[in-house]
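Okay, here's what each chain looks like letter by letter:
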Amino acid sequence: MMPYIIKFWKYRELLYQLVIRDLRVKYRRSVLGYAWSLLNPLLMMAVISIVFSYMFRFEIDNYPMYLLTGLILYNFFNEATTLSMSSIINGGSLIRKVSLPKYIFPLSRTVSSFINLLFSLVAIIIMFAITWTPISWTIIFFPLPLIYLFIFALGAGMILSVLSVYYRDIMHLYGVILTAWMYLTPIFYPAHILPELPRALMKFNPLFHYIAVFREVVLYGQVPTLRSNLVCLAFSITSLLVGLYVFKKAQDKFVLYL
Amino acid sequence: MEEYAVIVDNITMKFNLSTEKVDSLKEHFVKFLKRQNSNEDFYALKNISFKIPKGEPFAIIGGNGSGKSTLLKLISGIYKPTEGAITVNGSIAPLIELGAGFDPDLTARENVYLNGAVLGYSRRFMEQSFKDIIDFAELWEFVDVPVKNYSSGMYARLGFAIATIVKPEILIVDEILSVGDVSFQKKCEQKMNDLLSRGMTLILVSHDIEQVKKMCSKAIWLNRGMLIEYGDVDTVCSRYMQNS
Numbered sequence: 001m002m003p004y005i006i007k008f009w010k011y012r013e014l015l016y017q018l019v020i021r022d023l024r025v026k027y028r029r030s031v032l033g034y035a036w037s038l039l040n041p042l043l044m045m046a047v048i049s050i051v052f053s054y055m056f057r058f059e060i061d062n063y064p065m066y067l068l069t070g071l072i073l074y075n076f077f078n079e080a081t082t083l084s085m086s087s088i089i090n091g092g093s094l095i096r097k098v099s100l101p102k103y104i105f106p107l108s109r110t111v112s113s114f115i116n117l118l119f120s121l122v123a124i125i126i127m128f129a130i131t132w133t134p135i136s137w138t139i140i141f142f143p144l145p146l147i148y149l150f151i152f153a154l155g156a157g158m159i160l161s162v163l164s165v166y167y168r169d170i171m172h173l174y175g176v177i178l179t180a181w182m183y184l185t186p187i188f189y190p191a192h193i194l195p196e197l198p199r200a201l202m203k204f205n206p207l208f209h210y211i212a213v214f215r216e217v218v219l220y221g222q223v224p225t226l227r228s229n230l231v232c233l234a235f236s237i238t239s240l241l242v243g244l245y246v247f248k249k250a251q252d253k254f255v256l257y258l
Numbered sequence: 259m260e261e262y263a264v265i266v267d268n269i270t271m272k273f274n275l276s277t278e279k280v281d282s283l284k285e286h287f288v289k290f291l292k293r294q295n296s297n298e299d300f301y302a303l304k305n306i307s308f309k310i311p312k313g314e315p316f317a318i319i320g321g322n323g324s325g326k327s328t329l330l331k332l333i334s335g336i337y338k339p340t341e342g343a344i345t346v347n348g349s350i351a352p353l354i355e356l357g358a359g360f361d362p363d364l365t366a367r368e369n370v371y372l373n374g375a376v377l378g379y380s381r382r383f384m385e386q387s388f389k390d391i392i393d394f395a396e397l398w399e400f401v402d403v404p405v406k407n408y409s410s411g412m413y414a415r416l417g418f419a420i421a422t423i424v425k426p427e428i429l430i431v432d433e434i435l436s437v438g439d440v441s442f443q444k445k446c447e448q449k450m451n452d453l454l455s456r457g458m459t460l461i462l463v464s465h466d467i468e469q470v471k472k473m474c475s476k477a478i479w480l481n482r483g484m485l486i487e488y489g490d491v492d493t494v495c496s497r498y499m500q501n502s
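Protein chains in written order, with this note's numbering: chain A, 1 to 258; chain B, 259 to 502.
Hints in this document: simulated from the structure, not taken from any laboratory.
None of the values given here were measured: they were computed from a predicted structure.
A portion of the hints provided could be inaccurate.
Think about it this way: if two alpha-carbon atoms lie no more than 27 angstroms apart in a straight line, the pair counts; the simulated DSS-like pairs of lysine-lysine are [what the hints assert, rightly or not]:
#, chain 1, residue 1, chain 2, residue 2
1, B, Lys476, B, Lys304
2, A, Lys249, B, Lys476
3, A, Lys7, B, Lys338
4, A, Lys253, B, Lys284
5, A, Lys253, B, Lys309
6, B, Lys292, A, Lys253
7, A, Lys10, B, Lys312
8, B, Lys312, A, Lys7
9, B, Lys309, B, Lys338
Between the sequences and the hints, there should be enough to build the whole structure, so can you do that?
Here it is in structure tokens:
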């Protein structure tokens with residue numbers, strides 16, 4: 001364990017540089033820059049709330065906030081895993097010429113997406129002000145679901161980055177999977193409208209749990225139960241362990257396929 | 259202290275040409291349907307063993323496609339050998355090509371920090387060394403110009419300056435000195451001699467037999483993945499010259 005930590009510490013500067021570069025690239029040549037992290041979910045929320053207020057109506061109090069909390073978490077997962085997936089391929093020119101810890105590529109992508117997530121939390125604060133939603137003290141627990149989600153996304157990103165090296169067309173397939181996943185997660189509809197079977201299957205959807213805990217602490221003033229914390233943690237740890245295992249097994253061979 | 263900087267123990271490096279071409283699910287599926295067997299093995303290196311003593315300038319010579327670059331990538335840890343083992347004692351400047359970690363859109367200043375990070379050096383260390391690096395590369399005029407606008411010589415100068423700033427225990431130099439002009443080549447040779455006198459191990463890959471003879475004391479000669487000759491630089495070089 002110790003050698004891994006020493007090596008990670010040695011390369012912390014690289015992680016920092018890669019994250020900075022990701023953030024710069026994302027907002028290069030855009031006038032509003034980081035404001036996009038905040039505007040994007042707000043505009044998405046506006047569009048979807050209008051659509052769903054007129055076309056389908058769900059019995060949800062404070063629908064814009066319900067939507068926004070779900071969207072922001074889903075957007076992070078979407079961005080982090082999509083960027084991580086291509087991270088090894090994009091880092092190919094370095095990996096082929098320099099010996100360095102390769103997990104740093106998916107890790108940096110997940111971290112930079114997480115920083116975007118933190119920016120977009122400002123959108124939630126703005127909506128609190130606009131909608132006069134009362135803020136409960138339980139909001140102090142908000143980092144918990146975010147950390148769980150970060151670990152989960154990191155593990156998933158590592159698995160995807162390995163897969164995409166061997167099977168390039170995963171990239172196209174994953175876009176479809178993500179869309180399906182979005183519709184299968186109660187982001188813009190309440191979980192209780194689902195028929196029985198999908199609702200039972202919802203237990204196995206990690207995003208459902210993370211978003212539910214996040215809404216509990218931010219919107220509903222509830223302290224998440226030990227049980228739901230453990231469920232979230234179990235998904236996260238499993239994802240990370242599988243990710244690390246797959247990555248470790250594959251990393252020596254990457255270089256031959258890049 | 260160990261006697262040897264690098265011990266290469268009976269290594270073989272095998273590439274599978276056919277599977278490494280396939281990189282999509284579709285192709286895997288088609289191959290599965292056709293029941294193709296992939297047996298296009300290619301041995302880039304076969305049963306190579308040698309030792310590089312500490313503090314000695316060592317040369318690897320051989321024609322194109324002889325496995326020199328593969329061997330360097332194995333020593334610097336980019337590849338893992340199919341068989342055999344490599345032991346490296348000491349810190350290695352893990353650079354195969356100068357400027358390998360450069361981002362063409364960034365300026366020299368930004369690239370110095372990025373490249374330092376790629377090599378695992380701390381920011382504080384790079385800040386302290388920044389002046390020395392640009393001094394050595396003689397690039398003060400162009401320090402805020404994106405490196406994509408650099409000439410290949412300037413590129414190599416910056417790369418060499420960064421790679422040698424740390425005083426690595428093992429330095430691998432792959433054909434780079436051919437890029438710079440004569441005065442910079444001299445400067446590089448001087449720098450390498452300087453580092454050698456401090457006990458650094460140099461591994462030089464070159465086609466330039468004169469340079470190899472001048473700089474190195476031991477050499478190996480590779481041909482088509484086989485080790486042909488291993489020993490004193492003059493003997494190896496003269497046999498290489500006779501046979502090519």
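Hints, verified against the model:
| no. | hint | in the structure |
| --- | --- | --- |
| 1 | B:Lys476 <-> B:Lys304 | holds (21 angstroms) |
| 2 | A:Lys249 <-> B:Lys476 | violated (37 angstroms) |
| 3 | A:Lys7 <-> B:Lys338 | holds (18 angstroms) |
| 4 | A:Lys253 <-> B:Lys284 | holds (21 angstroms) |
| 5 | A:Lys253 <-> B:Lys309 | holds (26 angstroms) |
| 6 | B:Lys292 <-> A:Lys253 | holds (25 angstroms) |
| 7 | A:Lys10 <-> B:Lys312 | holds (25 angstroms) |
| 8 | B:Lys312 <-> A:Lys7 | holds (24 angstroms) |
| 9 | B:Lys309 <-> B:Lys338 | holds (18 angstroms) |
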